[in-house]
Structures are given as structure tokens and as C-alpha cells.
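Working from the sequences, and respecting the hints, build out all of it.
If you read the sequence shown in numbering that gives the first Met the number 0, its first letter stands for residue 0, the second for the next number, and so on.
No wet-lab data here; the hints were simulated from the structure. Just so you know, even glycine gets a beta-carbon here, dropped at the ideal spot from N, CA and C. Careful: at least some of the hints might be erroneous.
[As the list claims (entries may be wrong)] Simulated pairs of lysine-lysine, PhoX-like, Cα-Cα distance not exceeding 25 Å:
#, residue 1, residue 2
1, Lys281, Lys323
2, Lys374, Lys598
3, Lys406, Lys574
4, Lys123, Lys162
5, Lys565, Lys323
6, Lys229, Lys187
7, Lys565, Lys408
8, Lys355, Lys336
9, Lys571, Lys489
10, Lys204, Lys229
11, Lys187, Lys204
12, Lys158, Lys407
13, Lys407, Lys364
14, Lys123, Lys158
15, Lys560, Lys574
16, Lys394, Lys355
17, Lys376, Lys364
18, Lys565, Lys577
19, Lys218, Lys204
20, Lys571, Lys560
21, Lys112, Lys374
22, Lys519, Lys560
[Stated by the list, open to error] So the derived label-pair ranges between C-beta atoms look like this:
#, residue 1, residue 2, range
23, Leu363, Lys406, 40 to 46 Å
24, Glu128, Pro213, 53 to 59 Å
25, Gly369, Glu568, 33 to 39 Å
26, Thr644, Asn530, 18 to 24 Å
27, Gln215, Pro276, 21 to 27 Å
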Amino acid sequence: MSSQTILIFSSQITLILLLVIFYLITLLKKIQKRSTKLTSDYHRTLKGIKEGRFQADVIEGIIQNYDLSEDCYYLLGYQQPRQRIPQDFFDKYLVPDYRLFFEQNIWRAIHKKESFDFRAPCKKQIGKELWIRLRGGVFEEGDRLKILGTLSDVDLEQKLHLKQEKDAASFRLIHRAIRIIRWEYRAKENIFYLTQDNENINSFKSEELWNIFPEQDRKRVKNTFEQAFKNGSDLELITQMSMNINEQPNNDWMRIHGYPQENNPNNYLGMAEVITPLIKMKAELQMQHSLFKGIIDNIPLAIFVKEIVGEELRYILWNRAVEKLNDYVNIQQDVGKTDIEIYPKEMADRFILNDKEVIKFGQLKDFGIGQSSNKEKRIVHFYKFPLRDINNSIKYIIGVAEDITEKKKLEEELLQVQKLDAIGKLAGGIAHDFNNMMAGILGTTELLLSDEKDPKKRRYLENTLSLTHKAAELTEQLLTFSRKGVVMMKSLDIHRCIEESLEILHRTINKNIEITTYLKASHSMVYGNENMLMNIFLNLGINARDSMPRGGRLLITSLNKVLDDKERETLKLEKVQKHWICIEFCDEGLGMDETMKEKIFEPFFTTKELGRGTGLGLSTVYGSTLKHSGSILVETSSGQGSCFTLYFPIFDESQNSSRSEYS
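This is how it looks when you write it as C-alpha cells:
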């Protein structure tokens, strides 16, 4: 073979080898690419795996040598599987609250050599929680125990289960709250079917049905049903039912509806809805309303409420005290009316203007003191304030009127007492000094009169002596009014004081005045000062004489009275005693109007002509009566005479017979 031939053959062999190598390289790349794809597909498949296996050894009671399959690692979020895991794997990866639960289930299985199956949340590598299901069993392998099991991803299933449980619990709660029973009456069968949750809970023959209703209400319920069936009309009623629903005893208030079927009018369909909570709520509201109304009606303040409706204010509530102070209002008929519909225009306009003021300023407005709208014209203190709704808008106007008539009277009486006290102190001081000067004038005048022979001068001295005696009497009245010094108090017969006073009056009173006495009180012993009591009766007698310049009759009476707490309160008697003597001085004189009557007991107030009175007579009577724990009233009117009524407590024998009192 020639060298050329050999060269050509070598070249061909080399080319073939190169082609083979190229082919092998190409094939290897294809295999590698396919292998990479298979590995990627495998890993993708592993990522979607929902279950893997695990095993562990139980050595001397300790779980060791955990071995998890590659599927478990991918399930738990690991990209690269590991052959071995820590001994505290489940302690590390299980949610803490479930570790004890895991141990209890595993050790129960080991102890009884039985299977286990439970669920628990564990932590994935990325930190999220995953619900897993652990199933398996304990097996013997030689002298050792081995745990074999599977670990499954049940996260979605468990979450759906928990959501269903939560929804079911909510549904049960709502269902328990609503508790609706459907019922059907089939005329041919003469049977009532009761259903709840599409389950038949009971059925009754027509004659048996009525037993589930209270005995006292059966007749009404039966008549209502039968009347509806007869007329083919809808029915509705509220009653109680006594039966078992879902094995729960039931005695609830029900609202029962029913109507005939369209295609079969003889059959009825209906619903029975439990309304016990509504009934209880209604009863509670009614009780609260009754309580509120009872409180409002018995409050002595006059209270009313107006509701703002558009641009009008309408009355929605009054209490009984309003009627006592207002002759225009009828609390039963005027609810819902406006001021214009109730009051005269002038009065209504004033009230509306007051309401607008309250709304404008949005706070309590005091409208001061005025007169009530009734015949008595009581003195009232009136104010209003707004009430807001949940949106903080003014919705109501509350009006309050307080009757302060008695309060005003007490204030006037207190003022009177303060006046008497102040003037008494002043009068006592003046009278004491004035009395000393009068003593000197009297003594000097009497000495001059005893030596004087000239008739003209004697007449002047006698006039001076007379005027000095009158001044001394005035001084004595001032001292009595001021109640200075020691006053001796003892038990005495008040009738005797009246009789002794009348002996003096008869000598000074005009002959055209007739004095009549009816002293009928069987108990006339009182505890007091004789001179002060006689001074009271003399002043009343002289006051009656001066009011009857043309003559008339003075009637003096006495009688015993038993006064209860209310009467003593009205008379302002402080002494807690039931038995009293009542003495009246009634004349047929000129009388007094209301203005004079209000000032009659004020010091230095007099209705007499100038120079005929000091105005201390009745003030002294008033003060002396109070000193004896008594009370004095006066009834009078112009041209109708006057009647003074005095109350004194009957003497209690348990008291000391006499003692001194300082004032």
C-alpha cells in the first residue's frame, strides 16, 4: 500500500473520529439539558407535594434519629433536603401551644403501641404557620420501637374547617336569637305541621294543637284560627306557646302569622316568631315609663316638655303640678298641641319668644319670678333649658315652674321678725333713757303744781303732767315691745285675764259698742305672763273700739281645739302639742284692705289719724303672742270688720308651776 493511500485512509479515520466526537458532544449536551429539565420538573413537583413520610427511633424512652423524607423538607419550605434533623425538631418547629399536645399523643401511642392521628400548626422555614396532619403508628423492630408516619399539608382544609365552625357558631347564635318556626295546616288531614331548619319538630291534630297554648288564652287563639280558616283570610296574633323545640323547653311569647295557599286555599302556611325579648323589653320600657311618670307626677315642681317639630314646638309631656298652676291646660287633651292652640295670643307669643331665646343660647334660661295662670295667682319661679339628641341638636325644651308662694311668705315673716327685733332693740334703748327723763319731768311738774296757786299756771302744769303721763305710757309700750328685762311666767287661767281686761275696757270704751263674750273653752289654763296677756287683750279691744267710731258689736269667744301636724305647720306653731285654746276678737268695724292687712303687725304702722295712735299696739300683740308659743291670724276686708284669732298651748301639768324667762 502506498504512502499516499495510507495518508488518505488516516485522514478519513480522523474525520470519522471527529464526527463521532462531535456527535457524542451534541448527544451529551442533549442528555444534560434533558436531565436539567427533569430535575427542574422534579423539584417543581416536589414543591407541590402535600404529604411526606417520617420515622424515628424510641431509645430508652427518648425519641431519636428523626428521618424526614425529601417530600417533608419541601413541604416545610426547604429547597435542599437534609438527611438528618435536630433531636428537638418538633420542639423547634411546632407552635408552642401544641407541643404538649404532640407529646401527649405520641407518648400515648408509644405506651399503648397504637396508631396516632392529629393536627397541629408548625412553622415553615419562611416563618409562616402551616397546619399539618401527623398520622402513623408505633412498631417493634427487634428490641427497639420505631415510629413510622406521614406528615400532610392540611392548611387550607383546616382553615376552611375553622371558618366553617366559626360561621356555624355565628349561625347558631343568630338562629337561637331569631328562633322562627314554620307551620302548615293541611285541611284534609286536619293536622298542623311545625318545622324548624327544614326538620319536622312536631305535628298535631287540630284538637290537640290548642294544648300548647296557655289555658287562659286557648279560646281566643282557637277562635282566631277557626275564623281565618272559615273566611279564608290572613291571621295574626300574639300569644304564648308551651312546647319543646330541639329538645329545649320553650314557654315563649310568639307572633303567629298565617295565610292560605294560592293553589289550595284550604291549606294554610305561616310562621311563629319568638318575640319574648321584645315583650320583655316592652315590659321593661313600660315599667321605666311608669316609674318616670310616677316620679314626674309627684314632684312638686310643674314640669312640661316641648318637642321641636319643624318650626313649631309641641307639648309631649306634662305633670299634674302643671294643672294646679295653670287654668288653660288639660294634661290629657293638650298633648301634641302648640302654645297658640292652648293659650291666649298675648301669652302664647310671650312663651314662644322665651323658647326662641333658649334655642338661640342653647343653655338654661332663668325667666325670674311671676304669677301663675290660675285663679289663685300663685308666685312662681320659672325657667327653661334645652335637651339635645344624639347629633347634639336641640330636640326638646324643658320648662320648670316652682311654686314659691309659701317661700315668699316665710321670707316676709322672717323680714317681719327681723324688723321687730331691730326696732325692738332700738326702742328698748330709747325708752330706757327716755323713761329716766320722764321721771325727772314728772317729779318737777308735780312739785311745781303743789306750790302753784295761779289757776292759769296750774292749768298749764296739769297739761304738762297729762302729756308726761302719756309719754310714760308710750315708754312702757316701747319697753313691752322690746321685751327687755325679766318676764315672770307661770300657769294661769286665760279666761280670768280676759275678764280683768274687759273690766278696764268697759270703763274706756264707748257706750255704743256692745261687748259679747262666749268663753266656752273647758280647759283654759295656759303658761304665761298675766300682764303681757292682759296687754294683748286690751290692745285688741282698743283696736276694735277705734275701728267702730259709730258703734257696733265686739264678740269675744274661746274654745278648745286639737291640732294635727298639718294644722300646726299651717299656723306655724313650733310647740309640739295637740291641745290648744283658740280665742277670737271679732268686730263689726271698718276692716282693712289687703295692703293694710300685710303691714298690720309692722311697728309704727297705723291706720288711725295723726296723733291718735303710735302703731305699736298690734306689734306688741304679735310679739307677746309669739312669746307665749302662740300664733295670731287676722281675717278682714274693707267695710266687713276684722277678726283676730289667737292660739295658745294648754298648760301641761308636768311643767314647773312658775319660772322666770329673760328676753
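- Message: Would the hint linking Lys123 and Lys158 be met if the CA-CA limit is 25 Å?
- Response: Measuring from Cα to Cα gives roughly 16 Å; hence the hint holds.
- Message: Checking one constraint from the list: CA of Lys218 to CA of Lys204, max 25 Å. Satisfied?
- Response: The hint holds at about 17 Å.
- Beta-carbon spacing of Leu363 to Lys406 - inside the hinted bounds 40 to 46 Å or not: violated (20 Å)
- For Gly369 and Glu568, compare the CB-CB distance with the range 33 to 39 Å and indicate the outcome. violated (26 Å)
- Query: When you check the alpha-carbon spacing of Lys407 and Lys364, does it fall within 25 Å?
  - Reply: Given that 25 Å is the threshold and the Cα spacing comes to 22 Å, the pair holds.
- Query: Given the hint that Lys374 pairs with Lys598, does the C-alpha gap stay at or below 25 Å?
  - Reply: holds (24 Å)
- Take a look at whether the Cβ-Cβ distance between Glu128 and Pro213 falls inside 53 to 59 Å. For Glu128 and Pro213 the Cβ distance comes to about 56 Å; the hint holds.
- Query: When you check the alpha-carbon spacing of Lys187 and Lys204, does it fall within 25 Å?
  - Reply: holds (11 Å)
- Between Thr644 and Asn530, is the Cβ distance one that fits in 18 to 24 Å? About 22 Å separates the Cβ atoms of Thr644 and Asn530, which means 18 to 24 Å holds.
- Query: Is the Cα-Cα distance between Lys565 and Lys577 25 Å or less?
  - Reply: holds (11 Å)
- Hey, Lys355 versus Lys336, does the alpha-carbon distance stay inside 25 Å? holds (17 Å)
- Is the hinted pair Lys565 and Lys323 satisfied, with a Cα-Cα distance of at most 25 Å? The hint holds at about 20 Å.
Of the numbered hints given earlier, the model fails hints 1, 12, 21, 23 and 25; all others are met.
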